[in-house]
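Trainee: Residues per chain, in single letters:
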Amino acid sequence: MTSLTVEKPPPAEPEAPTRTKNTLAKRLVPWGYLSPTVVLIVLLMVVPIVMVISYSFRDNVIVQENSVFAGFANYTEVLTDPDFLAALKNTFIFITVSMVAHLLLGLGFAMMLNSGMLGGVTKAIFRVVYVLPWLFTIAVIAVIWRLLLDPSGVVNYVLQTLGVISDGVNWLGDPGSALWVVTFVNIWSGYPFFMISLLAGLQGIPGELYEAASVDGANPWQKFWNVTIPQLRPVIISMAVLDLIWTSQQFALIWMMTGGGPLNSTEMLSTFTYKLAFSEYEFATASASAVIVLLLTMILAFFYVRQQRER
Amino acid sequence: MTATTLKGGRRTLAKAGLIAGLTLGGLFAGLPVLWMLSTSFKPNGEVFANPPKLISENFSFDAYTAILGNGAQLRFFLNSYIVAIAVTILTLLVAVLASYAFSRFTFPFSKTINAVIVSVQAVPPITLVIPYFGLVVALGLYNTYPGLILTHMVFTLPYAIIMMTAYFNTLPKELDESVKVDGGNSWTALWRILVPISVPGLIAVGVYTFMISWNEYLFALALTRTDDMRTVPIGIQLLMGQHSYEWNQMMAMSILGSVPVLVLFLIFQRRFIGGLTSGAVKA
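In the order they appear, the protein sequences are chains A and B.
Residues 1 to 311 in UniProt numbering are what the first sequence lists, from first letter to last.
Residues 1 to 283 in UniProt numbering are what the second sequence lists, from first letter to last.
No lab work stands behind these hints, which were simulated from the structure alone.
Take these hints with a grain of salt, some might be off.
[As the list claims (entries may be wrong)] Below are the DSS-like pairs computed for lysine-lysine, each with C-alpha atoms no more than 27 Å apart in a straight line: (1) Lys26/A with Lys173/B; (2) Lys15/B with Lys223/A; (3) Lys173/B with Lys123/A; (4) Lys89/A with Lys223/A; (5) Lys180/B with Lys26/A; (6) Lys223/A with Lys123/A; (7) Lys15/B with Lys26/A; (8) Lys180/B with Lys111/B; (9) Lys15/B with Lys111/B.
[To be verified] Here are the in silico distance ranges between beta carbons for each label pair: (10) Phe59/B with Pro206/A: 38 to 44 Å; (11) Gly204/A with Val137/B: 44 to 50 Å; (12) Val137/B with Asp174/A: 36 to 42 Å.
Positions of the beta carbon are idealized from the N, C-alpha and C atoms, including for glycine.
Looking at chain B on its own, in the form it has when it is part of the complex:
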């Protein structure tokens, strides 16, 4: 046996081990999701069938049509879309302005303000939810969209500013300063030059913002009261409390509720992960 075949043999063994490890990890990560998908297509009576089957003979879309045909459930989706889209637009707007200030101007306390913004991320939501309740009631925003939109921004804004500032910093200053040479001010430089070329960065930040708002649970639970103001995560919980555990409908609702985030992630995967990791690690 020569040295090369020995080495080749070890290499094959290592590769086999790697594939085995990856598959095991893939089962750990993927099986629960697969089971959710499979359950959503079963009649409720077969959810706990023994032995369990991945694909039932009575495969059906009934759970989905039940959810999609129910006005109360659709309302959860509408609410989530309204809140998450509004939060995304407002966050991007405010963050672009702030990031422009951080990236292109030197001014007193800029470091301090930046540190405050970074530390907002560490403030526990449970600490904020009690005064928010008092505040939102006092402002007449309890159980309203503006109440949810406003409070969600405490989480979305810091990250958006940090990521957007990092993005603007990568763009050469000569780009927007050329506008000033032609007599324009910083406002026109921002909107005519910087924002248009920052679309990739804005998308990454926007996707992340949308995800945070779409998934937010605590404020949505504490700051709304009536079912017509509830968002998808609370809707899933409400479904769990109602009638005798319609597991197939709960899984269908969970999948429908995850679609926006899954689609956004699959489309923007590369850009998103890149932006996110650089923001998290280098912030």
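The following block holds chain A by itself, in its conformation from the complex:
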């Protein structure tokens, strides 16, 4: 980076004559352009975060006029709540399984679409089909899968016909299967974004690298591990962190498919917090839970930003 800046000095010449007069006014120009953004970020980000932190240390917030300082009481209440701990565990399973599957499916589909053996039209058709799940809003995805997974729905019919199961399964009503089913639906809805990014990454790999590997006598498997994967590494890491953040925030899918049930088996941090606030009107405890979620996400975001800077 330093050598680049030495080679190409900044264009100081045109600025020099104007710098002497009205420097202050000139310095304020970029701030003028930024002012709507700054106002919105403060109003929509800084103020709310300060508010939610302050709520979390108080009691009787929002619903009552006189809130009182409560110290860490809300935090101890949340952190000792077995439902919260269950939500934490479910969220962890949901994120990890989703992320691994998103990556594997995304990479597999991207590599198939990137193959040189296919015609342009075939590729274009398959690309649109593969992107489909991503184009539907989560509310629609939740409704589609509730239809498919209904005890008398088509999934049970197909599995029974194939002899995989003998009786119809109530996929979303059984605490043993519900978490895995919502995770599966999240995988279905989220892999296309990986696929698109990895496809772009694959297309950016110079062909010479593969030619050089062929000259060295590498087989396809070796090419995959020694050329493709190292070249895609930055994309894979970026996408993994983004996916971690997004999946941890998933609310609509769970809310519309199971509402966190049955028996808390699909409760996530997001649904747990939402229920505290908007079903039980425990805004102070909900705020403490929300701040904990924020802290967990900030740790993830820190790694993401650091990784982006390194590139």
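Based on these hints, arrange chain B on the given structure of chain A.
Mentor: Frame of chain A, contents of chain B only:
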């Protein structure tokens, strides 16, 4: 058997394997969508018919006419269009100004502000929705369009700024600086030169912004109360709660609710995916 035919044989085998893999993946991705489409044309009594049929003999548009003939359902669409279009216009306006500052000026804290904007994307909506509720009530914006429009912008703006800055950075500075040589200021340079040639970038950002707002669920759920303020995603859920599960109508509503995004995507596919991936990966 010569080496070439052996190689040709392996190639055919590989191609067959590839087609099989692609088809399997296509079924995984496409069948649920196909089933949604098929169900929307069935009478409700046949939704769970055994054995299931892809195309019913009683194929009809009844579910669609039921949705389109219902004022309450149409209101969800109207609300979604109002909110998403307003969010798109406002986001583009604010983002163009901010991106211009980032792309063409050097000023103190620009890196810091940029980092804040990037990190906004990571703030969980569930954390924001509680103070938003307090804020929106205090501002008198609870259950109103401005309340939804304003809060949706917390998600649309960061991405729009990042993508727009990247786009402006690809345009040579000489373009807009030539205006200043002729005595114009940076404002005229932005609107006369930069914005007109950035239309492709603005479209990509606009489509993405519209999609985010159209699909937003949590704020729409928590910050509105009456049915006449609900948006399509909440409308679909309300339909699910009402009367005994009109699955065919729910599927018809889902398809109608997906049309704007599907159409935008199909029209702008190439440009959109390109812009999105460069933004996501290089941001």
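Trainee: For every hint, state whether the structure bears it out.
Mentor: Hints versus structure:
This hinted pair checks out: Lys26/A and Lys173/B have alpha carbons roughly 18 Å apart, not beyond 27 Å. Between Lys15/B and Lys223/A, the direct Cα distance comes to roughly 19 Å. Compliance with the 27 Å bound is thereby established for this hinted pair. A C-alpha spacing of about 38 Å is found between Lys173/B and Lys123/A, which places the hinted pair above 27 Å, so the restraint is violated. Taking the CA atoms of Lys89/A and Lys223/A, the gap is about 38 Å. The hint is violated against a cut of 27 Å.
For the given pair, Lys180/B sits about 14 Å from Lys26/A by alpha-carbon distance, which is consistent with the 27 Å threshold. With a C-alpha separation of about 23 Å, the suggested pairing of Lys223/A with Lys123/A holds against the 27 Å cut-off. Between Lys15/B and Lys26/A, the direct Cα distance comes to roughly 63 Å. Violation of the 27 Å bound is thereby established for this hinted pair. The straight-line distance between the Cα atoms of Lys180/B and Lys111/B is roughly 26 Å, inside the 27 Å bound, and the hint therefore holds.
For the hint linking Lys15/B to Lys111/B, the alpha-carbon distance of about 49 Å lies beyond 27 Å, and the restraint is violated. Separation of Phe59/B from Pro206/A is about 52 Å and departs from the stated range, judged on CB atoms against 38 to 44 Å. Our hint of 44 to 50 Å for Gly204/A and Val137/B holds, since their Cβ atoms are close to 48 Å apart. Checked against the hint of 36 to 42 Å, the C-beta distance between Val137/B and Asp174/A comes to roughly 40 Å, which is consistent with it.
Of the hints listed earlier, those the structure fails to meet are numbers 3, 4, 7, 9 and 10, in rising order.
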